[in-house]
Amino acid sequence: MEDTGTVVAFWALAIITIGSAFMVAAVRNLIHAVVFLVLSFLGVAGLYITLSADFVGVVQILIYSGAIAILVIFAIVLTPQAGRDNAETSMRLPAVVLSGLVATMLGYASIDTNWSISDRPGFEETASAIGVALLDKYILPFEIAAALMLVAMLGAIIIVRDEGTEGAAED
Amino acid sequence: MPILAKWYDFRDLGNAIGALQDQILDWGAPDWVPYVVSGIIGVVGILLWLLVSQIIFIWIERRVIGLMHNRIGPNRVGPMGLLQGVADAIKLLLKEAITPRATDTILFWAAPIAIFIPAMVVFAVIPFGEGMVLSDLDVGVLFFVAIGSINTIAVFAAGWSSNNKFALIGAMRQIAMLISYELVQVFAILGVVIMVGSMRMVDFVEWQSGNDVWMFAIQPLALVAFIIAGLVEVNRSPADISEAESELIAGFHTEYSGIKFGFFYAAEYFATFALCGVIVTLFMGGWTLWGLEEWVPGFLIFLTKLYAVFFIFIWARGTLPRLRIDQLMAFSWKFLLELMFVNILVVGLETLIWREGGYDAATVLPIFAAINWVLAIGLAIFWARMLGHGTASSAGKRATLTQELGAIYYEGAGTPGA
Amino acid sequence: MTLKSEPYVINVGPQHPSTHGVFRLRLTMDGEKIIDAEMIIGYLHRSMEKLAEERTYTQNIPFTDRTDYLAAMTGNLAYVMAVEKMMEIDVPERADWLRTIMAELQRFASHCMAVGTFANDCGTWQTPVMHMIRDREKILDLFEMACGARLTTNYMRIGGVSRDIPPEFLPALAVLLKDLPKRVKEYEDLLLNNEIIIARSRGIAKLTPEEAIAYSLSGPMLRGSGVAWDLRKADPYAAYDKVEFDIAVGTNGDAYDRFAVRMAEMLQSLRILEQCADMITEGPIHARMSTSTVQPVGDPVAPLVIRPPEGEAYARIESPRGELGFYIVSDGGIAPYRFHIRAPSFINLTPLKKMTVGATIADAVVVLGSVDIVVGEVDR
Numbered sequence: 820m821e822d823t824g825t826v827v828a829f830w831a832l833a834i835i836t837i838g839s840a841f842m843v844a845a846v847r848n849l850i851h852a853v854v855f856l857v858l859s860f861l862g863v864a865g866l867y868i869t870l871s872a873d874f875v876g877v878v879q880i881l882i883y884s885g886a887i888a889i890l891v892i893f894a895i896v897l898t899p900q901a902g903r904d905n906a907e908t909s910m911r912l913p914a915v916v917l918s919g920l921v922a923t924m925l926g927y928a929s930i931d932t933n934w935s936i937s938d939r940p941g942f943e944e945t946a947s948a949i950g951v952a953l954l955d956k957y958i959l960p961f962e963i964a965a966a967l968m969l970v971a972m973l974g975a976i977i978i979v980r981d982e983g984t985e986g987a988a989e990d
Numbered sequence: 423m424p425i426l427a428k429w430y431d432f433r434d435l436g437n438a439i440g441a442l443q444d445q446i447l448d449w450g451a452p453d454w455v456p457y458v459v460s461g462i463i464g465v466v467g468i469l470l471w472l473l474v475s476q477i478i479f480i481w482i483e484r485r486v487i488g489l490m491h492n493r494i495g496p497n498r499v500g501p502m503g504l505l506q507g508v509a510d511a512i513k514l515l516l517k518e519a520i521t522p523r524a525t526d527t528i529l530f531w532a533a534p535i536a537i538f539i540p541a542m543v544v545f546a547v548i549p550f551g552e553g554m555v556l557s558d559l560d561v562g563v564l565f566f567v568a569i570g571s572i573n574t575i576a577v578f579a580a581g582w583s584s585n586n587k588f589a590l591i592g593a594m595r596q597i598a599m600l601i602s603y604e605l606v607q608v609f610a611i612l613g614v615v616i617m618v619g620s621m622r623m624v625d626f627v628e629w630q631s632g633n634d635v636w637m638f639a640i641q642p643l644a645l646v647a648f649i650i651a652g653l654v655e656v657n658r659s660p661a662d663i664s665e666a667e668s669e670l671i672a673g674f675h676t677e678y679s680g681i682k683f684g685f686f687y688a689a690e691y692f693a694t695f696a697l698c699g700v701i702v703t704l705f706m707g708g709w710t711l712w713g714l715e716e717w718v719p720g721f722l723i724f725l726t727k728l729y730a731v732f733f734i735f736i737w738a739r740g741t742l743p744r745l746r747i748d749q750l751m752a753f754s755w756k757f758l759l760e761l762m763f764v765n766i767l768v769v770g771l772e773t774l775i776w777r778e779g780g781y782d783a784a785t786v787l788p789i790f791a792a793i794n795w796v797l798a799i800g801l802a803i804f805w806a807r808m809l810g811h812g813t814a815s816s817a818g819k820r821a822t823l824t825q826e827l828g829a830i831y832y833e834g835a836g837t838p839g840a
Numbered sequence: 128m129t130l131k132s133e134p135y136v137i138n139v140g141p142q143h144p145s146t147h148g149v150f151r152l153r154l155t156m157d158g159e160k161i162i163d164a165e166m167i168i169g170y171l172h173r174s175m176e177k178l179a180e181e182r183t184y185t186q187n188i189p190f191t192d193r194t195d196y197l198a199a200m201t202g203n204l205a206y207v208m209a210v211e212k213m214m215e216i217d218v219p220e221r222a223d224w225l226r227t228i229m230a231e232l233q234r235f236a237s238h239c240m241a242v243g244t245f246a247n248d249c250g251t252w253q254t255p256v257m258h259m260i261r262d263r264e265k266i267l268d269l270f271e272m273a274c275g276a277r278l279t280t281n282y283m284r285i286g287g288v289s290r291d292i293p294p295e296f297l298p299a300l301a302v303l304l305k306d307l308p309k310r311v312k313e314y315e316d317l318l319l320n321n322e323i324i325i326a327r328s329r330g331i332a333k334l335t336p337e338e339a340i341a342y343s344l345s346g347p348m349l350r351g352s353g354v355a356w357d358l359r360k361a362d363p364y365a366a367y368d369k370v371e372f373d374i375a376v377g378t379n380g381d382a383y384d385r386f387a388v389r390m391a392e393m394l395q396s397l398r399i400l401e402q403c404a405d406m407i408t409e410g411p412i413h414a415r416m417s418t419s420t421v422q423p424v425g426d427p428v429a430p431l432v433i434r435p436p437e438g439e440a441y442a443r444i445e446s447p448r449g450e451l452g453f454y455i456v457s458d459g460g461i462a463p464y465r466f467h468i469r470a471p472s473f474i475n476l477t478p479l480k481k482m483t484v485g486a487t488i489a490d491a492v493v494v495l496g497s498v499d500i501v502v503g504e505v506d507r
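In order, the protein sequence lines correspond to chains G, B and F.
Be aware that the first sequence starts at 820, since it is given in the working numbering, and climbs by one per residue.
Be aware that the second sequence starts at 423, since it is given in the working numbering, and climbs by one per residue.
Be aware that the third sequence starts at 128, since it is given in the working numbering, and climbs by one per residue.
Hints in this document: simulated from the structure, not taken from any laboratory.
Just so it is clear, the structure is predicted and the values come from calculations on it, not from any experiment.
Be aware that a few hints might be false.
[Unchecked claim] Derived DEER-like restraints, expressed as beta-carbon distance ranges: (1) Val921(G) - His811(B): 49 to 59 Å; (2) Val465(B) - Ala894(G): 35 to 45 Å; (3) Leu920(G) - Leu516(B): 48 to 58 Å; (4) Leu515(B) - Asn848(G): 46 to 56 Å; (5) Ser935(G) - Asp157(F): 58 to 68 Å; (6) Arg261(F) - Ala817(B): 25 to 35 Å; (7) His811(B) - Asp955(G): 54 to 64 Å.
Each residue gets a CB set at the ideal place from its N, CA and C atoms; glycine is no exception.
In isolation and in its complexed conformation, chain G is listed as follows (with noise of 0.2 Å):
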């Protein structure tokens, strides 16, 4: 955190992270809320790019902005009321009270942490290095996630299918 364009870039990141993360709460209309969503692990992804995690930041552009994104405008247009405002909700003030409290114990969690820097050089090739780690070292729970990724497919396939079929008898 040295030179001067990285502290440029980590201060423009934050803002953008954090900001539209709160308009993504704050903005009424639930396709503006996904649009900022988008911009704020954009943000995220830069914010690795700035601490040389190339991998993990493109992959974090790649999943989160393409892939989660779509799956949440999936289910917006699948939401019966998604262009309209959203009306005042009693659950406001909980909402506020909550998300303080989490929000006072991470910055309290973050403050008391001793943060201790280490002092051995970053990866050259964090890619090659991460494929090394997933498939040597945690190779099992690599493994699983695989299986668990299958299991969850093969269901939603299964579950699918059976409404498919149904719709066609009623049909």
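With chain G held as given, fit chains B and F onto it using these hints.
Frame of chain G; chains B and F shown alone:
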């Protein structure tokens, strides 16, 4: 190319920039100044190239399609109509940018701008010549895929905010298509990445020039899948389903007029250039051409190849009909994806054998190429047969000719109606 | 788990790239699936049938150019045949040959547009239609040679044709007849065997022969459903009883078959034209009419105006789109008392709802393309 490598060695414009950086440091400027200056020069250079290329390629595309159509094409503005692109741009600038009532105004204005950003950012990782890559990320090719996926949001925002049902259908189609084909694209790239062992764009070129072979000779299947997925991603015919003129008028940008439409139009061109750039880098040896790069500037070789690939896209546009959305999706999930799995498996095995065995590239690569070509053609034909294509019942059939008036030749037993 | 979905309505047309004019299709959709379709026509209504009651019989011929503006010759022919039937005029043999030549050239030209725009609806980027317009242009050149007009020909006359063909017409036709079969072969290779066009149109908008007959379809729509019915054979007119040709029929009744039938008919048209060019005879091109029917009775100085006797007549021909019929009632005056056009485009549109419901919007466009409507004829 170590012979000269001075600033006036224009075989690689990176030399000139490097010399400029040294010069600025000599003047005693702080560290960050040459970095910023070279970055700005690179960005401005790429943007200028893009604009000029786009204007010329609007003309080329229209002329080529015109010739395919038995027409002349634009030939009035400037010599041979070369300034047609400029005239188009001026026309778009002068036209009224209509914002229909009941649109989501903010998103409606933001979408054309938003779609422009990813289309330009991609060029940061494309190596135009040996020193000529703006940011040589070690995950360059993944960056290309990632940036391509942001496009979706802009397209969706455009379609949604237009408050037009055609636009919304177009936007939803675009999202569905991108989800299907991003996977194919990533897997196509993965085959190449496995063999090269890196995701850095420059490494692909160096691997290909080092082994004296273009990647598409070794992995034809990956190239074909990548081109098809790319066509879908940049939304050009025959995969222009989200703007499908004969169905959805102009799809997600139906309501856009004037320069806002121009932004979508330009972004499509930029994205296509970027796609061509990646194809050239990954599969066609980038800026190298078996030694010719020693004598001719590498970026000229690169651009020549890029334009040649672009021509394929123009050709496809002038030739092929459009698939229906469900057929396009089925093609991805049922056909391309499976072939890509096989491709990755085979390439992975080959790479393993190659690395573990420590064989010489010159002996082992021709064998791999032969295996992969046979596999690609055989597998494509076999799989298409499995899906019921290329059989007698799926072939084209002429109408039956008869003299017998009043006879009925109906054979179709299927459900009547749609 | 079922998700609740809400149908929505989209208007395909009247301003839409694929409605072949100002036709409007109001689709109720569930996602991309059509659950209801409503045809709304009348945007090009010019009240031709009423206007015709105020014009003399000869003045009505140009109207028939403008109903089916892609097949003016056949429109002319059907109308003059109806008047001739009413007046019992025998058309000279050469005029019959000329009419046959013109009608078949027109069929080829019209099918060029039909097949080309159908390919456009399947999503080709204008290329086939441009190539077919090239061929159509050559036919229009022949029309220009024969009558001075390309699109609205106004060539047929009651009792014959307006003028004889110039001497360079038949050689030009011979050149064309050498060239066109190659072109049609090319289109068959490029379009008929095109995997994507097959995928887009096969199995779409199926109609069984029973349904096709029940909807009183005609032309390629009927033949596409496998019914071998062609008025050129069933009720021969002009010189069709002297030439040999085959009826092209489909076997599936889908959009692809209609398209294939049109392709085959293009070749059959060329076959007929070749025979016509060989067999055409010399002679008068116009029948002589008795003065009692062309001159206002009892007024020898008034200009010659056709006055059919009181009565009615219906004449039908196989136009490129199907059975084109003209029903004319005369009260003995100089203008028809009633003038009705049986427009094949209009009647072929009736099963559109049946064909589109359940399909997707992309299919709807292909279905409409396979019907091959000309809105000028639908609305009249």
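These are the hints, each one checked on the structure:
1. Distance hint for Val921(G) and His811(B): a CB-CB separation of about 56 Å, consistent with the stated range 49 to 59 Å.
2. A beta carbon spacing of about 37 Å between Val465(B) and Ala894(G) agrees with the range 35 to 45 Å that was offered as a hint.
3. Distance hint check: the CB atoms of Leu920(G) and Leu516(B) are about 57 Å apart, consistent with the given range 48 to 58 Å.
4. Separation of Leu515(B) from Asn848(G) is about 30 Å and departs from the stated range, judged on CB atoms against 46 to 56 Å.
5. Look at Ser935(G) against Asp157(F): about 59 Å separates their beta carbons, and that is inside 58 to 68 Å.
6. About 28 Å separates the C-beta atoms of Arg261(F) and Ala817(B), a value consistent with the hinted range of 25 to 35 Å.
7. Distance hint check for His811(B) and Asp955(G): the Cβ-Cβ separation is about 43 Å, which falls outside the suggested range of 54 to 64 Å.
In summary, the numbered hints that this structure violates are 4 and 7.
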